[in-house]
Every structure is written in structure tokens, then in C-alpha cells.
Amino acid sequence: MSYDHRAIESKWQKLWESQAIFEVTEDPARPKFYNVCMYPYPSGALHQGHIRNYTFGDLLTRYKTMRGFNVLSPMGWDSFGLNAENAAIATGVHPRVNTENHIATMTTLIKELGSMYDWSRELASHDPAFYRWDQWLFLELYDRGLAYKGEAPVNWCPKDLTVLANEQVIDGLCERCDTPVVKRNLAQWFFKITEYADRLLDDIETLEHWPERVRRMQRNWIGRSEGAAFTVEVEGGGSFEVFTTRPDTIFGMTFCVLAPEHPLVSQLVSGAEQEASVRDYVEAASRVSDIERMAEGEKTGVFTGAFAINPVNGARVPIYVAEYVLMGYGTGAIMAVPGQDQRDWDFATKYGIEIIRTVEPPADWEGEAYLGDGTTINSDFLDGLDQTAAKHRIIAWLEDGGVGAATVSFRLRDWLISRQRYWGCPIPMVNCAVCGLVPVPRDQLPVLLPDIEDYLPRGMSPLAADEEFVNTTCPQCGGPARRETDTMDTFVDSSWYYFRYTDPHNDQAIFDPAKPAYWLPLDQYIGGVEHAVLHLLYARFITKFLYDIGLSTVEEPFARLFTQGMITLGGSKMSKTKGNVVDPVSLFASHGADALRLFHLFMGPPTDDAAWNPNGVDGTRRFLERVWKTATGDHQFSDRPEAERDRELIGLAHRTVAKVTEDIDRFHFNTAVPALMILSNALADYVETEPRSAVFDEVLRRLLLLMAPMTPHVAHELWERLGHGSMLATEPWPEWDAALAITETVTLIVQVNGKVRDRLSVAPDVDPGEAERLALQSEKARVWIDGHEVRQVISKPPRLVNIVVG
RNA sequence: GCCCGGGUGGCGGAACGGUAGACGCGAGGGGCUUAAACCCCCUUGAGCCGACACGGCUCGUGUGGGUUCGAAACCCACCCCGGGCACCA
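The working numbering applies: residue 1303 is where the first sequence begins, and numbers increase by one.
Quick caveat, the hints were computed from the structure, so don't treat them as lab data.
Note that the coordinates shown come from a computational prediction; the quantities given were computed from them, not determined experimentally.
A virtual CB, placed ideally from N, CA and C, is assigned to each residue, including glycine.
Hints are not guaranteed to be accurate.
Stated by the list, open to error - Ranges of calculated distance between the beta carbons of each label pair, as one might list FRET restraints:
# : residue 1 : residue 2 : range
1 : Glu-1585  : Thr-1496  : 27 to 33 Å
2 : Gly-1630  : Ser-1874  : 32 to 38 Å
3 : Ile-2096  : Ala-1347  : 56 to 62 Å
4 : Arg-2093  : Gly-1921  : 48 to 54 Å
5 : Asp-1910  : Gly-1654  : 49 to 55 Å
6 : Thr-1533  : Cys-1479  : 39 to 45 Å
7 : Arg-1618  : Phe-1683  : 16 to 22 Å
All chains, full assembly: derive it from the sequences and hints.
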């Protein structure tokens, strides 16, 4: 190999760092560009996904810097969380020790990639200087009723012995350990994200530079549905609320269903002959995990013995308890309309319940429940109306009678933030026997996470065993009190860390609002698509909250979101469990960081999953070798018609600048790289022997400028060796001249009936008549034209002439 | 079931409705070398015609239709792969 990547990479990494090129402050004179790669969990290893992420991010940092932006690109650590704690349980080493070792290792590796950050702003969520403000944020939410403790059926992972947010349950399984999740009634801390549901949904429309896929996933997740809620009286006393999206079908309600967890159930059956069977059913339902519930194909349920009164016509209908109604959605109770709902149809059929159609199905309808539009029937004063009119009419009727109202239901639940685990941010609350729940005063923050010996989860936070931590005095009455021992979900940390980057060392406030006022929103946020609904939704929520309390000038934190694809090998995601990991760090040693970076840019569209090619980095290294050889060789220029050849090469250089610029701007890195290869190959062909020419120097200069953000070490080294005194990283990005970018000749395609029959070389500005004449004269085309009538000639000079013959 | 993406050589992938397969990997052949590696050159969608060579023809972007002078791209139907959501009332 002709260049020593180890030597030049470490040389330039040191220079960039010592010259603090990527350390920035607010500068109103320049346009800002706030660029963040999602901060990593410090696992201790750098995998290909990280490399891909940071290569894209660094490319942008460097590119935007060259384009004159004031670029902030910080780095930090998502350093709380279950992984470190589980590792601690396995090894006995304190999570802090492990975490901090991992951070040190990963910092070194990230620097070896040549990826540049403003390290003066580094933060870590396990640092009390950071999590102190998690606690402060919690108190702000608490003061406004947006953080609350409530008993609710929660997702419980029996293996990790902790609760999970809805978003952390995948197909009924714990997202970390794939254990089936069960429901438990527990007192837990929640953030009231549902209060923001409408704004979170509506503002998705403003996120025009987000991938449509992520926007759709968030819309889905929030799951807004419009309908009506109304009260159903129970015969003999009592009532319950139901929610429906189809109030127009109310006359078809032939039974009602309560969720097994519905609070009215036990009251309804108390003393009834059905009491035992209903209690058995509810008991059985509570024992199975959601995944088992879903696996049940057939709907099951049990009659309560009670009857409800349909408010619209006084009909007496049976009340059932059935698993297919979920306590977690709507009101946990439904009016069942088997004629217009397939689930209700199935249930009614199984239990012999009456079915009334209230919407006229099409004449040829052979299905069961009819969900489509039609004329309303069997519905008294709604008869003859279409669905929209019927909905309006019935809602007005419900409202007039004080029975119900139009309402909106969300699939989104409040965000459950408490975790019964050790390695997280303590919740800053105390329980006083006299005063109840009392917030820790802000001047007593942070509530420090104590060092403990035993992190084994026992269904309560390990902190509960630390008497010294737990026992405290009540901030209100001074009497004895006990601290909250749950810690916060790590997604609380990540929902605001990008604010903290703008003022990372502030020990008086979470940040000075003037700082994010300058930097936010993020101009680019880059990370994996797996965060589409978790982190990205929570972060939007917290930003809106910070906006509401006057700390943020923006309601949406991420102006542009880029979600990168995964790296796959042998058809599946690279992962330790699959055993198909290619360690990127060994490639630093063998091929160098530049070659690895370039391959990540080259391997395919950045949004798509990309298959790892074991020989790919060989290829990009070969390219860099050729550039090196071309740039450093002693060249002679042979006799040739110089002017024309020079113009061609200059033209290509200008076209390449245009193409690479455009491709970077639209994140098409995989097509920018080939453009560089073509230019460098042309340059290599151009040189034969010495001495250098001005054209060669100019084209090479441009090539190195274009390479600077992609393969910064090689580009900087060659830049220096060619005698440029400046630092390449701060050189302005090259411009291009459209006049020079023009080619001498272009290929004119001659088609006959749409088939290519000849290719002619013409001037780029050839006029339409001339192009047509040349095409019609083409001998190769004449073979296909002669003997036929020319019916039409489509002339699109200078690229194409299509001759239509009959 | 509903909602999205996507199907192009041996592989990753290019291609404003206008030369399909850029660029790279791999493979084959040749050169360099005592030899190998590196490196350099040539070939590389399929089939066929022609032949010293230049060349030429037909087919070809999941399948079947359609629109168009012209379709990988636009429209309709279907098949397959990937993802998201899902007893959501």
C-alpha cells in the first residue's frame, strides 16, 4: 500500500482536535446548522450501525462547515439503562464503572473514525450534573399536573421485574428480553402525554422533512378516532360510559360488553346467580399475558345477568364481559352492534344474540357485518340518512338529552416513566405520612443515586433496600418521610438532551433559554428508524412542554429527520446473537477509517438496509490508492491536442462538483461517490508524464475539496502535500461554472419507432431542424425508414430524435 | 385484516417518461513476476447472426393488461418480499 493510513489518520485527528475546528459558539453573523446523531448507549463497542450513523453525520458537519455554516455537532452518552445494570448483576462490577470504561473506549474509537464533534459539550445522562435537570424537569411537569402517580394496569415484565411503557411492549413481549408481558395493577408515575395528543398529531403535518414512514407510524401510534361517548343506564341502577366511532348505528345495539377489568363488573354481578362464572372468567383473563389473549382465535365472554337500557329506544339488552373489549382503550365498555361490526357479529352469533342491521348493505352483499356506507334503516328518526348525516343527527340528540357528546378517543396512553430498577435517575419525590406526596425542593437537587451493593431486581427498586437513601425528612413538615425508590425511564433523558448540548455546563438552570433559541430546531437529526415512535414522540412532547413554559422558542425539535437503514449480512441484521458481526474497528487497522467511511457512503441508498460486502472496503481502499498515486506521482504530459482535452477534463470537474453538491444535499451519497471515482479515473488517464500542468492542479484541487467531507484524512494529507498552506476542513466548498461544465459534444440518439438505431455526435446547442435532418440522413436509421412512410418526427435535441414510420 | 415501502445482471446498486445495467464487488482471460500477492489491461444481462475486424438482430427491469412516438419509471389487476399497526369499539 502506498500510503500509511495509520500515520496520516492519527496525525490529522490530532491536528483537528488541537485546532478546535469543530468547537463552536453562537454567532449571529453566520447561518447556523445544528447537526446531531442520536447519542449512543455506551455498550463499549462500535458496530457498523454506529459507523454508518457517524459517517453520515460527520459528512454533513464537514460539508456544511465548508459551505460557511456555523455547525454545532455535539456528542454524548445515553448512559443510564437496564443493560448496564444487567451487566452489573452478572459481573458484580458497579454500573458506573462499566459505563465510564465503555465511554472511554467508545470515545477513542469514534475519534479514530475521524468523526468530529464539539467534545467541549460532551454530556452523559448518568452524570448528576445532567440528571439533576431530569429531576427539575420532572418537578416542572409535576407542578402542572403533567406528572402524576396513579394506580393502573401496567405492563409487567416477569423476567426484568419491572414495568414497561406501552411503547416497550412488542407483540405482547418485553422488547428487551422477549418475555411475555403481563398486566398488573400498580401505583406508578406517569407523564401526561395524552394531554398533548392533539398537538402531537396535528403538528406531524408540519414535519415536512421527516420520512413519511415515521410520520405515519406516529399518527398510527397516537391513533385518534372521532366518535361519541354516552351513558348507558343499567337496569336496576348504575350506569357506564361507552365510546363508539359509529353512533349512527345505535339502534342496532343488541348487547353491551365490559372489559374484564372494568370496575363495574364486580358490582354488577354481586349476588347474581352468574357471580361465580363471571368471577372465574375475570380471574382467568387476568392471569394470561396479552400475547395469549390475542392468540385466542375465538371470542369468549360471559353473561353478567344484568341488562342495560339503550338510551335511544329503551330497548333492554344483555351485558356481557368479554376479553375482546380492552380496558385500555376508549371507556373499557362498548355498545355492541353486530350488524355493523364483525367482532360483535362473531360474538352475537356464538351466544345467540339478536342482530339488527341499521345500514342497508348493497344488493349483492353476502358478507356478515356490513361496515361500509349506505342508507340508515331500522333506526327511527335516522332512517334514510347517510352515515355522515346520521352521525350528526344522533350526536345532536345525545347532547340535547344530556346523554352523551361527540368525543375523540386516542390510542396513545400516558407515558409510564417509573422503573423498579437501580441504574436510572431517581424520582425526586418523598412520601410523608402526614403530608402525602411531596416534591423535593429544587434547591435540594440532585437527589443523588447512591452506590449500592446489590442490584438484583425483586419487584421493587433495589434502592428500596438502601435505608440511608430511603429515610429522609419531609420538606414540608420536617417529619420522617420515605423517598420514592423508582427511577425514571431512560427515555426521559433522551427527550431533552439536545437542549442541554446548547448549554451543557450550566449549573444554575437546565439551560439558558437564549442558547437553544439560537440553535434549535435541529437542522439535521440522524438515527435508526427503531426510534420512530419511542424517543421521537417523547422528545416532541417534552419540547412542546418546554415551549409552553417559555424555555423553548420552537414546538418541534427536529426540523429534518434522517433514518438510516440497517447493515445486514447473510440476509439478517448484523447482531451478536446472529453471529454475523463484522467488527469495524479491525478495518481501521487493515484498511483505514477513510476507506471504511467511503464504503458506508457507497454501499447503497442511506435510508435502505444495506448488505455488507466483505470485499467492499477493498474496493474503496483501491480507489483511494489510485487517487494517492495520481496526486503524488511525477507526471509527464505527452503530446496531444491539449486544448480540447483540457476543456473536457475541466468540464468534467465542474460537472462533478455540481453532481456531488446536489447529491449531498439530497442525501444520495451512494451516487456522489461514483462521481468522484469517474473524475479521479479521468484524471489518472489524463496524466502520463511530467511536468504538472495548471489544468491537472486545478482539477486535483477540486477533487480533494469534494473528498474532504467523505475521506477527510487522505484528502487533508494530499492537500498539504500539494503545497496548500491552509486547513482543508475550513476551505470553502467549490463552486461550479455552468459554462465550463458544458460538454463539447453530446450523443444524439436516433430512434425509429422508439427503437434505438443510431447514435450521432452533435453539438450541445444543435438546433431542432438540424438534429432532425441529421437523424433522417443516418445510414443506420435509413435501413429502417426506407420503404416506409415517415409519419411523425419527435425531435428533442440534443439528446433524441424519434422517427415514426408506418 | 388495514396502512406503507420495495421487486433491475452472479452480488450491492445506477438511470429529469428518452442509449437500461453508471460506479463498485465478484468471475473469466491477458500482462508484470523465478513464483505468488499487489498493480495494470481486456471481457462480463440472455440468446442469436456475422466474422480478420468493425458490427448487427431479437429478447430483457416480478406477472398480465393499459396510456404514450417512446415505460424500469405513469395507470389498472395480480404475485412475492420487507416494515408498521391490529379484538382500538
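Cross-check of the supplied hints:
The hint said 27 to 33 Å for the Cβ distance between Glu-1585 and Thr-1496, and at roughly 30 Å that hint holds. Between Gly-1630 and Ser-1874, the C-beta spacing of about 33 Å keeps the proposed range 32 to 38 Å intact. At about 59 Å, the beta-carbon gap between Ile-2096 and Ala-1347 stays in the expected band of 56 to 62 Å. At about 49 Å, the CB distance of Arg-2093 to Gly-1921 agrees with the hint of 48 to 54 Å.
Between Asp-1910 and Gly-1654 the beta carbon distance is about 53 Å. The supplied range of 49 to 55 Å therefore holds. A hinted range of 39 to 45 Å for the beta carbons of Thr-1533 and Cys-1479 is consistent with their spacing of about 43 Å. Separation of Arg-1618 from Phe-1683 is about 20 Å and conforms to the stated range, judged on CB atoms against 16 to 22 Å.
Consistency note: the structure conflicts with none of the earlier hints.
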